[in-house]
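Enquirer: Residue 1 is where the sequence shown starts when you use full-length UniProt numbering, and the numbers rise one by one after that.
Just so you know, these hints were derived from the structure itself, not from any lab. Nothing here was measured: the structure is a model prediction, and the numbers come from that model. Treat each hint with caution, since some may be false.
[Said to hold, decoys possible] In silico SDA-like pairs for lysine to any residue, Cα to Cα no more than 25 angstroms straight-line:
hint : residue 1 : residue 2
1    : 298       : 251
2    : 766       : 693
3    : 571       : 609
4    : 282       : 215
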Amino acid sequence: MMNLFNYNLNNQYKNLIHKINIKREEIKYYSNELLGKQTEKLQNKLKNSKISNQDVIIEAFATMKETIFRSTGMTLFDVQILGSLIMNNGNIAEMKTGEGKTLVALLPAYLHSLENKGVHIVTVNDYLAERDANLAQKIFSYLKISIGVITQNTKSKDRKEEYTKNITYITNSELGFDYLKDNMAIHKNDILQRNFNYAIIDEVDSILIDEARTPLIISGTAKIQKNFYQNAYKISNNLINKIDYKIDEKSKSIVLTVEGISKCERILEIENLYNINTPWIKYIINALKAKELFIKNKDYIVKENQITIVDEFTGRIMTGRRWSEGLHQAVEAKENVKIESENKVLASITYQNLFLLYNKISGMTGTAKTEEKEFINVYKMNVVSVPANKKCLRKDLPDLVYKNEYSKWEAVANECADMYKKGRPTLIGTTSIKQSELLSEMLKTLDIPHNLLNAKPENVAKESNIILKAGQYKTITIATNMAGRGTDIVLGGNAKIVTDKKMESYISNKYYKDNQTKELNENEIQLIIEQIKFTLDNKQEVNKNLNNIDNLAIIYKKIESKTTLECEEAKEKILKLGGLYVIGTERHESRRIDNQLRGRSGRQGDTGESRFFLSLQDNLFRIFGGKNIETIINKLNIDDNTPIESMLLTKSLNSAQKKVEAYFYDIRKQLFEYDEVIHSQRKAIYSERKKILTYTFNRDCIIEYGEQTIQEMLNIYYQNRNKKFILDKIIILLNIKLDINILLKMSDNELKHYFNEQLRVSYDLKEIYLEQLRPGLIRQLEKYYLLQQIDKAWQEHIDKMSLLKEYIGWRSYGQQDPLIEYKNEAFNLFINMITYIRQTVIYLLMRSRLIVDM
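Work out the full structure: start from the sequences and follow the hints.
Expert: Written out as structure tokens, the structure is:
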């Protein structure tokens, strides 16, 4: 094992880790009862200090180190404690695969849970959230810390309770959607979340970088325009690439040429395609995008006669998600499935701004250093590389480049065949379902057994199981992108998992049949295994004559011992073969994604290898590599089946990837700058909404709205020649009757005081009238009208802001900065929205009448 102190680390971290280890030596002699009292003791210490108090950090981390050992038998390495300290300081710990990040997160989570303000541990999928929460429950049961978990299957009535737990495991999407739903709630009891305090983000690069360009949206249905989509798709089939339109694959955009515009106008028999009263351009562009840029079995699949999106970064299906602004409907028209209603945005937020709502965030991942600049600039988090506990022995072999794509896939299939004959486990990463199925068919032709993992529904359910087996002898695994991320590939097999599987088989097939017991379902078997583990974990005396669980515990121990030996022997055999071999079939747009794939091999000091098989027809070469590389290859006159290994090619690829990374960083930066504008408005609206929702007495808010509305209208009155018109509007608004000529004789100050007084008198009379008819009605009406008008105006405002963002770019042609123009226009739109809300609420309340049925 490597000594942490051989590394040139900050002395403060070294000293802290040393003190934590000394304190743990003291705590390890505590009884379980005394260990359980540590939480209350530390909470009392925190009342007189801050979460950054070094003594509290030392004792909390030492307590966790001992608790983890007692509950799991694992002793945290110094490098793991280092990772915890980095996260505790609000930074990102970059730790390689297999370094135990799941346990590392528990130390800062425990420390911050002592504040009783809630801690969120955010993961990328439901499987990881449930798996990690189960482990945390086992560990934190010693310390009387409650653990919650929220997945897409968690019912609404249970979510509020899960959020009140000390530490809550949740997926990024569920967290975001619950936040938006809370800010659309119509009763304070419907609010699920507490104020955001501290979040630890697992796979932080995936959530804050890869998904930063995709906002979370809650939609309502708008009017369907079925014929527009179908006709637009027919028109798109008559248009020819490079003649009628041009494709920019970098930005995923399409522009019609002059010829294309003329052709569309002839087909549609209209004079101007871009006339504001002509809706066709939006539908035609979307149809062309569906035709050229959105590929079946790569960007989406057709499942149960519906279009289901495939996540471009993880390869997982995104059930329930739909592309916005008519794009999803365009793809439905292309695939000739039922066209669903278009979505109207009711509420939205990006992950960038969602996580900036927390008082403090930190993260962990295996690959983040290449995006360090973005993490610092946007999230104010440094990326600190944590040294591996054991030196990585993986060899990253030079890329092999083929002239055409088929030669590449043929070479990959032959490489897999060679590895299978040797018995060496091999993981092949592909970028689409189509590619994974192509390789699968080629391996079937060669009679090579293999496991296939992609976004198809029949494969998703087996995801974690397939990845767990990927390190076993003679196992070939094909996976789209980083499917299975978060699950370690253990060489020779995971002894604990294999033991559980064998025990499940024993319980269902042998033990209960021998005892003539009814057949058990999967849940009952799992419950029995949990009881067995509880018996063994608590070191209870096992006696054959006591009960079935004790007998099964003896059998479990025997199976476990035998399986552990078998797995260790298999691991040694695989290590001699060179360890896990990872094959990449295409360089990704980011070096970080490539590194994630490579990082599946070489876990915890294991040997391993990785190599990328590429072709000149790959997207990275084609879109970003330019024609220089292809020209060089053609001059060399190399055979199609002969691969090229060249430092020049590698440098060109790295250069292309850096360009792509910079390009997408600029896009995310621009998105963030624009979204910050609406985010500040969103915070103001949501804050006002929450205040209204939680107050039982909103009269003061109504009076304030009324006085502000009067002042705004009087400001117009002072500047307007037609003064009678403005005064008449104020009289109508306040629902009062009087002679305008009297008002015209008043001074500015007198007018203001008079109208404010009339507002209060009128409102008092309204309140008395409604209270006599139904007590409490006025309070209900206040809240109803306030929330109704805020929601309605905000939804319309989102649409206006979306349109503004689309056309503001044209201002650059007038030598104006689009961002500054956007901010100015957005400010005016926001002021208009606030004015509209105030005026409408006052108008509606002043005219409220209760109709009583006789």
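Enquirer: Against each hint, give a clear statement of whether it holds in the structure.
Expert: Status of the hints after comparison with the structure:
For a cut-off of 25 angstroms, the pair hint linking residue 298 to residue 251 stands: about 17 angstroms separates their Cα positions. Distance restraint check for residue 766 and residue 693: the Cα-Cα separation of roughly 22 angstroms lies within the 25 angstroms cut-off, and the hinted pair is therefore satisfied. Straight-line distance between C-alpha atoms of residue 571 and residue 609 comes to about 15 angstroms, which keeps the hinted pair within the 25 angstroms bound. Distance restraint check for residue 282 and residue 215: the Cα-Cα separation of roughly 21 angstroms lies within the 25 angstroms cut-off, and the hinted pair is therefore satisfied.
Against the hints set out earlier in the document, no violation occurs for any number.
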